[in-house]
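Peer 1: Here is how the chains run, residue by residue.
There are 2 protein chains.
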Amino acid sequence: MKKYFLLLNSVFLLISCNEKSTSNAITVNDIIELNSAISNAKPGDDIVMANGDWKDVNIKFVAYGNEQKPITLRAETPGEVRITGTSDLKLAGEYLIVNGLHFTNGSSPSSAVIDFGISQDSVANHSKITNSAIIDFNKAQRNQTDLWVLFKGRHNELDHCYIAGKSNRGPTVRIDLAGNNSIKNYHKIINNYFGPRPPKGGPSAETIQLGNSFTSMAPSYTLVANNYFEHCNGEVEVISSKSNFNEFRNNVFYKSEGSLVTRHGNYCMIDGNIFIGDVDSEQIGGIRLIGTGHWVTNNYFYNLKGQTFRSPLAVMNGIPKSPLNRYLQVTDVVVANNSWVNCVSPWQFGVGSNTDQKDILPKSEIRSATPIRTIVANNLIYNDKGDKQPIITHDSVDGVSFKSNVINNQGMKFKDLDGLTQKDFGTTVTDGVILMPNSSLSDFELYNGFEFDQIKADLFGNSRTDNTMVGAVVGKPVNKKDMMDISQYGPDWYANTASKNEMNKTHSVSNVAEFTSAISDAISGDTIVLSAERYDINSSIKINKAITILAAKTDAKATIQYKGAAKTPAFEMNPKGQLTLKNVQLIGDNEQYAFASLKNNMSSLYNLTVLDCEISNFDYVLKAYKLSFSENITFKSTQIKNCANGLDLSEETDDKGEYNAENITIDNCLFDSVASNVVDYYRGGYDESTIGGNLIVTNSTFTNCGAKAEEGLLLNTYGIINVNLANNKFLNNNVQLVARLWGAKNNKASDNEITKSGKIIVEENLPLKLMY
Amino acid sequence: MKKYFLLLNSVFLLISCNEKSTSNAITVNDIIELNSAISNAKPGDDIVMANGDWKDVNIKFVAYGNEQKPITLRAETPGEVRITGTSDLKLAGEYLIVNGLHFTNGSSPSSAVIDFGISQDSVANHSKITNSAIIDFNKAQRNQTDLWVLFKGRHNELDHCYIAGKSNRGPTVRIDLAGNNSIKNYHKIINNYFGPRPPKGGPSAETIQLGNSFTSMAPSYTLVANNYFEHCNGEVEVISSKSNFNEFRNNVFYKSEGSLVTRHGNYCMIDGNIFIGDVDSEQIGGIRLIGTGHWVTNNYFYNLKGQTFRSPLAVMNGIPKSPLNRYLQVTDVVVANNSWVNCVSPWQFGVGSNTDQKDILPKSEIRSATPIRTIVANNLIYNDKGDKQPIITHDSVDGVSFKSNVINNQGMKFKDLDGLTQKDFGTTVTDGVILMPNSSLSDFELYNGFEFDQIKADLFGNSRTDNTMVGAVVGKPVNKKDMMDISQYGPDWYANTASKNEMNKTHSVSNVAEFTSAISDAISGDTIVLSAERYDINSSIKINKAITILAAKTDAKATIQYKGAAKTPAFEMNPKGQLTLKNVQLIGDNEQYAFASLKNNMSSLYNLTVLDCEISNFDYVLKAYKLSFSENITFKSTQIKNCANGLDLSEETDDKGEYNAENITIDNCLFDSVASNVVDYYRGGYDESTIGGNLIVTNSTFTNCGAKAEEGLLLNTYGIINVNLANNKFLNNNVQLVARLWGAKNNKASDNEITKSGKIIVEENLPLKLMY
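In order, the protein sequences belong to chains A and B. The first sequence begins at 1 in the UniProt record's numbering and counts up one residue at a time. The second sequence begins at 1 in the UniProt record's numbering and counts up one residue at a time.
The set of hints was computed from the structure by calculation and includes no laboratory data. One or more of the hints may lead you astray.
List time: in silico DSS-like cross-link candidates among lysine-lysine, alpha-carbon distance up to 25 Å [as the list claims (entries may be wrong)]:
#, chain 1, residue 1, chain 2, residue 2
1, B, Lys769, A, Lys363
2, A, Lys358, B, Lys363
3, B, Lys769, A, Lys358
4, B, Lys729, B, Lys708
5, A, Lys363, B, Lys363
6, A, Lys769, B, Lys363
7, B, Lys358, B, Lys321
8, A, Lys184, B, Lys456
9, A, Lys321, B, Lys756
10, A, Lys321, B, Lys184
11, A, Lys321, B, Lys656
12, A, Lys358, B, Lys321
13, B, Lys708, B, Lys656
14, B, Lys358, A, Lys769
15, A, Lys456, B, Lys184
16, A, Lys769, B, Lys321
17, A, Lys321, B, Lys363
18, A, Lys363, B, Lys729
19, B, Lys656, A, Lys363
20, A, Lys363, B, Lys358
21, B, Lys321, A, Lys656
22, B, Lys769, A, Lys321
23, B, Lys363, A, Lys656
24, B, Lys184, A, Lys184
25, B, Lys358, A, Lys321
26, B, Lys321, A, Lys184
Based on the provided sequences and hints, a complete structural model is requested.
Peer 2: Here it is, written out as structure tokens:
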């Protein structure tokens, strides 16, 4: 924020000789006054929205400022003007500034929360949204599409904003390039804090998308710089560049489950970004390259475990003469002076190669065109522990020139590669997790490729002229803020309001009335202890926050007997509901559900963890309705008995790549006498870039199950990408198949004992509907 | 040329304060001296090639000049250094100039005559070829591919050159964009004279091609300006732009049978060009648009009759999500301030629409995507005679905005179009064929679209600021040379040598000896008069120039009895052979051919005209071998009797769009007892942009023919695009079919009398091999 005022001041300073800077502040208290102020706005006007909630407002900020005298629409106090309810903001005109608004507790009635245009022909130029926030401003259901910031026009800016929590369909921020008035736009997305975006369970959940395939020939020249992306997990692409000449500089991708992808369009510059992973996650990616002429320089990759599509550097195979919306061949790409530290198999080439599927897929889906005229030079790989396979070549790399790259793999052998030299060098910490090689590499001769002289500085901006060195860093940062210092991202007011965390409590409840009121009173994160032995519940318990419910004694389960109506759940999982249920015996009378999502309006995801429980006599153990989504469903050390159906997450049958849960984990459980849908987990539509869901079933026993199973299939995992069945026992289940695994994907089974229960088969290529 | 020296002088002038301009002239007499001079060349060197023929030289001009001191390789006297034989010129380095060379009487041993590079990595930059010529420098056969000028690198130039006569496969001039060192090239192709390029009979005969589909995403920024294109008839594209941001300005396309086509790539500027047609030709096109963001402004179209792919303005349909090498949808295109004068149906939209073929072609070949976000504004159409259909919409034009266009159609009604106003205005001649409306239109209000303020000047450079007017011209040219004055194009020395035309003669020959020596002595254009009644010829008469042979008396035919070996022709058609045979009785003894091409090395086309003759007792009347090509084959008022085969032009069976003749005309002839291949004319391969050949058969009689016809088909025209059979008689031919016409193309039959000769059928969609 400060930076911005500094800039603005200097602009005013520059023009002060010629023009008197007169700010004409107009305070407005409601939409009528606001509309009037806007329609009368003159260059230099400063329209001030009074603090408070502005509910159900559709603001059309159409006005014409000029370079010297923009027109500002701002909060009386930044962050204290809350836009709520069914609200949106559209801008058109020239030199407009929006400052300090907070979109919360509502959703847009239109296709965008903030739109830099009101029609194809009427767009905003030279305008900016600054120091503002959009939080959880979700439409009611995840299939209802919108964007939170939609860029049109030219020379617009989103800066120092905080944006988090989008769970419905649609990229968070999108650049529209349809129409000559929106090309060569030189938009800037800078200094923002992109907070967590939960996984959506299917495509169209990018954090930033620049264009689309239909306009992917357009020159965009958008700058995405100095942003912080934290847990941006919406889908496999955090940033999806689909236009030309974009620049991505000095962004931090912190534990974000996706990659920066040059999906369509060409000639992008990806320079000086930091990608930080997590030892526990294989979902966090780096940079994935498709297309022509991209330059990838000075980037730093740390602790990344993602593979193939999500690998730290994924250079894809293309489709020969690709259709516009598929995969163009990689050509004329330069990857130079980057560093990979403690990443698993960080370089992968020919990613997406699927020539083995040429008999079952149409020719226009076969990615057989390997990268050509591509240079990988002067890069650094450093591993604390040796990596068996630092480079994976999924297809030929004949078209890639490797030059003057260095690896310290702690002496561990791997398949050699010309142009990648093994060296035993030490490292120096330059800043936080950022390492550089010590001086032992300083005389290693670098490759000087065409226009490599343009790589003038390192990740920190240090000159490379006198300090040649492989990797992203040649020295410590000088006069530069630590990129990991999050205070420099987003609005200056947001950190304060976000820190008002209340203290969590434990509620001990000895009867149903206390239980019910505790559920209602609890704040997110609280624990409810069941001190009685038994609770007879007559209506669903609504879970819309993080709640842990557990028995008072660790050695005896509390009993919850659910006596509600048929087809209602004991626990109703609402958006943002996160239930941990521990040490409870949960009993129905065969007509109800133990757990279920809402049937409609699942605007955000829910999570469910069941530990050390017994669940019996339900129609469904878990019923996930269409459009509901859970990131994590976990059953551990739990017995499930005498239920008509088990875990049913199979309602997304539109075959568009959507599914009902990201991760399902079943460990050390017993399923006894569950008649059908023991586990029914479905994902439809051939879409190679959707790489969920994930099912793990381990150390569990299934017996007398599947009597009414559809297709005689005990565990139905149709279209799920990652499945692992290990160390289970399947005893006396009257089914033909325990499971049908998808051989072409990451499905596996091991060490299972199967007795009188059919078998596990592997089908190499499932017939799936093509999505494109 | 003068302009260039002026420029160079001024550069020298500018630097004269700092550096002394020292020209170091080094005269070289052979390739050894030349190589030595090149390898020792220093900035400022002026290497002078001695006048004369330089045969079989492979010049590698690799040197490094600088901006102030380029290195020059020049002819002692411009035009007097002839590069002949198996020769080529490759350049690499910086600031090189080649001046005054004449490539003639030879061909390149490599893939280019002049190449701005010696390898992928070693290219020329800031270099130019000036004041030079490449004439008839053809490889031996038309399937042997080369380029005459191949651009690589950046900032190179071809200026004031004369280039004509290419008949082998490959564009005349090509820009290569593979590799980062060849993008953003800012090459200039300026002030050249592109002389006649004969039709090739199939694809790959562009005069200029900028890139290819594989590199069509590359930014090129090539300028093609102030060139004259005369009879550039190689194929359907005179200029094929296949990259981005190219500019085509102030070129003249004079009776060139093709169009300026934005085939791949986007955002091209086509401004101020003149397209001049011919009342007699439907082959001459204008501008054909594919792709995104092109601006077409200030162009003048005169007397054009081309239709669909060749229409004066052809806005194509695209293929949805087109493969890289097919047809991208037209989007965001602007067509403004152009003039069409006396053109037939000048505006055609949705060209190439083939949704009616969706059942027989793969989805990836169906052009169903109509133009969108396209603006056609402020244009002028003027017709001396009313046009029934000035605008043809082959598909929906819902995505095109027509604004403030004006037509004077002399009151003739046509289907109305919003945004095209009929006005009865007069015209003023501004220059040659260039008209503008008179003042009656001066108050017509123009449309002001996005960035229309960038259309600052008219075709002649007159400012549009104070003079708003529809069409390409707002006033007479001021201080500007007439664009039709050809003296400003090409080398200054070429016009002189070209004017050395010898006078044509008539040779009267009374015996075979005289006949034979006349054939040998004649120069192109001469006539040989057969004064005897009969000539017995024992070996083939070689025709390698334009020769007319006719009987002395108009009322009695001379007889030529051909007694040569079996399978040899009476007349052997060589490259550039043009035979007119009139009033001759040509007789064989059943084993020979009357006319045939060479079997090999048909480096250029031949033409054959047969008038008032009788041809009998041959194995073949005309045998066209593979790779031979004729532009015109005409038989008029001629009787053909007792031959095993007729006209056989069916050897191009590779199905790559090639064919053996462009135009075949048979009028007022008799075919009697021709057993097979009466007419066998073949073109294979589905390629919608190849729009030949052409067969016209009129007023002729076919009797007792086809006894041994393949498939029982009398006239085989498989794959020929334009066929017209009219007013013929087919009597007593023992065949099943007279002809099988191609309904989807321009095949038609009318007023034919058919007796005991099978029938004519129409097949809507021929099964053809897909070429792409």
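Peer 1: Tell me if the straight-line CA distance from B:Lys358 to A:Lys321 falls inside 25 Å.
Peer 2: holds (21 Å)
Peer 1: Against the 25 Å threshold, does the CA-CA distance of B:Lys321 and A:Lys184 hold or violate the hint?
Peer 2: holds (23 Å)
Peer 1: Is A:Lys363 within 25 Å of B:Lys358, Cα to Cα?
Peer 2: At roughly 19 Å apart (the allowed maximum being 25 Å), B:Lys358 and A:Lys363 satisfy the hint.
Peer 1: Straight-line Cα separation of A:Lys358 and B:Lys321 no greater than 25 Å?
Peer 2: Holds, at roughly 21 Å.
Peer 1: Holds or violated: A:Lys456 with B:Lys184, Cα cutoff 25 Å?
Peer 2: Distance of about 21 Å is within 25 Å: holds.
Peer 1: Does A:Lys363 lie within 25 Å of B:Lys656 when you go C-alpha to C-alpha?
Peer 2: At roughly 21 Å apart (the allowed maximum being 25 Å), A:Lys363 and B:Lys656 satisfy the hint.
Peer 1: Keeping to a limit of 25 Å between CA atoms, is the pair of A:Lys358 and B:Lys363 held or broken?
Peer 2: holds (19 Å)
Peer 1: Checking one constraint from the list: CA of A:Lys769 to CA of B:Lys363, max 25 Å. Satisfied?
Peer 2: Satisfied, since the Cα-Cα distance of roughly 17 Å is no more than 25 Å.
Peer 1: Straight-line Cα separation of B:Lys358 and B:Lys321 no greater than 25 Å?
Peer 2: Distance ~16 Å between B:Lys358 and B:Lys321 Cα, so the pair holds.
Peer 1: Would the hint linking A:Lys321 and B:Lys363 be met if the CA-CA limit is 25 Å?
Peer 2: OK: A:Lys321 and B:Lys363 at ~15 Å, within 25 Å.
Peer 1: Check whether the Cα positions of B:Lys321 and A:Lys656 lie no farther apart than 25 Å.
Peer 2: holds (18 Å)
Peer 1: Checking one constraint from the list: CA of A:Lys321 to CA of B:Lys656, max 25 Å. Satisfied?
Peer 2: holds (18 Å)
Going through the hint list in order, the structure does not satisfy hints 9, 13, 18.
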